[in-house]
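Student: Sequence:
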Amino acid sequence: MTKVNTLFGSFDEEQLKKLKGYIDEVVLHMNKNKANNEAIKDIIDIANEELKLPKKIVKRMAKTQFNNSFQTEVAESKEFEALFESMQEIK
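6 is the number of the first residue of the sequence shown in this note's numbering; add one for each residue after it.
Read the hints as simulated data drawn from the structure, not as lab findings.
Just so you know, these numbers come straight off a predicted model, no measurement behind them.
There could be a bad hint or two in this list.
[Unchecked claim] No more than 20 Å apart at the CA atoms, straight line, and that leaves these computed lysine to aspartate or glutamate pairs for EDC-like:
1. Lys-61 / Glu-86
2. Lys-68 / Glu-78
3. Lys-37 / Asp-47
4. Lys-61 / Glu-81
5. Lys-64 / Glu-78
6. Lys-68 / Glu-43
7. Lys-68 / Asp-47
8. Lys-64 / Glu-54
9. Lys-61 / Glu-78
10. Lys-8 / Glu-19
11. Lys-64 / Glu-81
12. Lys-57 / Asp-47
13. Lys-61 / Glu-43
14. Lys-64 / Asp-47
15. Lys-68 / Glu-81
16. Lys-60 / Glu-78
17. Lys-64 / Glu-43
18. Lys-64 / Asp-50
19. Lys-8 / Glu-18
20. Lys-39 / Asp-50
21. Lys-61 / Asp-50
22. Lys-39 / Asp-29
23. Lys-60 / Glu-43
24. Lys-61 / Asp-47
25. Lys-60 / Asp-47
26. Lys-83 / Glu-94
27. Lys-96 / Glu-86
28. Lys-68 / Asp-50
The task is simple: from the sequences and hints, build the whole structure.
Tutor: Here it is in structure tokens:
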């Protein structure tokens, strides 16, 4: 039976098999995320090319819709605008 001792503790064969299963599952999801991120990038590129919208705006709109945070975005933008304009008035 395989057993390994590390600074994290001692692990027997059963625990190592569990660990391998966890790592395999995480890697599977990482690969899915990578594929999804590539698809998102492709969609943003198409929106940019076809509609001539800056990619930054398309990403921000998608993120805002995903997070359902339109009101927060608007409020933060107004606060930023007020603070920035006030700062610019200082001599």
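Student: For each hint, tell me whether it holds in the structure or not.
Tutor: Hints versus structure:
The straight-line distance between the Cα atoms of Lys-61 and Glu-86 is roughly 19 Å, inside the 20 Å bound, and the hint therefore holds. This hinted pair checks out: Lys-68 and Glu-78 have alpha carbons roughly 10 Å apart, not beyond 20 Å. Taken as a hint, the Lys-37 and Asp-47 pair is honoured in the structure, with Cα atoms around 15 Å apart against an allowance of 20 Å. For the given pair, Lys-61 sits about 17 Å from Glu-81 by alpha-carbon distance, which is consistent with the 20 Å threshold.
Of the pairs offered as hints, the one joining Lys-64 and Glu-78 holds, with about 13 Å between alpha carbons and a cut-off of 20 Å not exceeded. Between the alpha carbons of Lys-68 and Glu-43 the distance comes to roughly 16 Å, so the proposed pair stays at or under 20 Å and holds. A hinted pair counts as satisfied when its Cα atoms are at most 20 Å apart, and Lys-68 with Asp-47 qualifies at roughly 16 Å. Using a Cα cut-off of 20 Å, the hinted pair Lys-64 and Glu-54 holds, with the two alpha carbons roughly 14 Å apart.
Restraint check: the Cα-Cα separation between Lys-61 and Glu-78 comes to about 14 Å, which is no more than 20 Å; the hinted pair holds. Proposed proximity of Lys-8 and Glu-19 is supported: the alpha carbons are some 9 Å apart, at most 20 Å. For the hint pairing Lys-64 with Glu-81, the CA-to-CA distance comes to about 17 Å; that is within 20 Å, so the pair holds. The straight-line distance between the Cα atoms of Lys-57 and Asp-47 is roughly 15 Å, inside the 20 Å bound, and the hint therefore holds.
Straight-line distance between C-alpha atoms of Lys-61 and Glu-43 comes to about 16 Å, which keeps the hinted pair within the 20 Å bound. At roughly 12 Å between alpha-carbon atoms, Lys-64 and Asp-47 fall within 20 Å of each other, so this suggested pair holds. Distance check on the hinted pair: Lys-68 and Glu-81 sit about 15 Å apart at the alpha-carbon level, within 20 Å; holds. For a cut-off of 20 Å, the pair hint linking Lys-60 to Glu-78 stands: about 17 Å separates their Cα positions.
Of the pairs offered as hints, the one joining Lys-64 and Glu-43 holds, with about 13 Å between alpha carbons and a cut-off of 20 Å not exceeded. For the proposed pair Lys-64 and Asp-50, the alpha carbon gap of about 10 Å is at most 20 Å, so the pair holds. Our distance criterion of 20 Å between C-alpha atoms is met by Lys-8 and Glu-18, whose separation comes to about 6 Å. Taking the CA atoms of Lys-39 and Asp-50, the gap is near 16 Å; set against the 20 Å cutoff, the hint holds.
The straight-line distance between the Cα atoms of Lys-61 and Asp-50 is roughly 11 Å, inside the 20 Å bound, and the hint therefore holds. About 15 Å separates the Cα atoms of Lys-39 and Asp-29, which keeps this hinted pair within 20 Å; it holds. Simply put, Lys-60 and Glu-43 have alpha-carbon atoms about 14 Å apart, close enough for the 20 Å limit, and the pair holds. Annotation: proposed proximity of Lys-61 to Asp-47 holds, straight-line Cα distance about 14 Å (limit 20 Å).
The hinted pair formed by Lys-60 and Asp-47 meets the criterion: a straight-line CA distance of about 11 Å does not exceed 20 Å. For the suggested pair Lys-83 and Glu-94, the alpha carbons sit about 17 Å apart, so the restraint of at most 20 Å is met. Between Lys-96 and Glu-86 the alpha-carbon distance is near 18 Å, which keeps this suggested pair within the 20 Å criterion. Taking the CA atoms of Lys-68 and Asp-50, the gap is about 16 Å. The hint holds against a cut of 20 Å.
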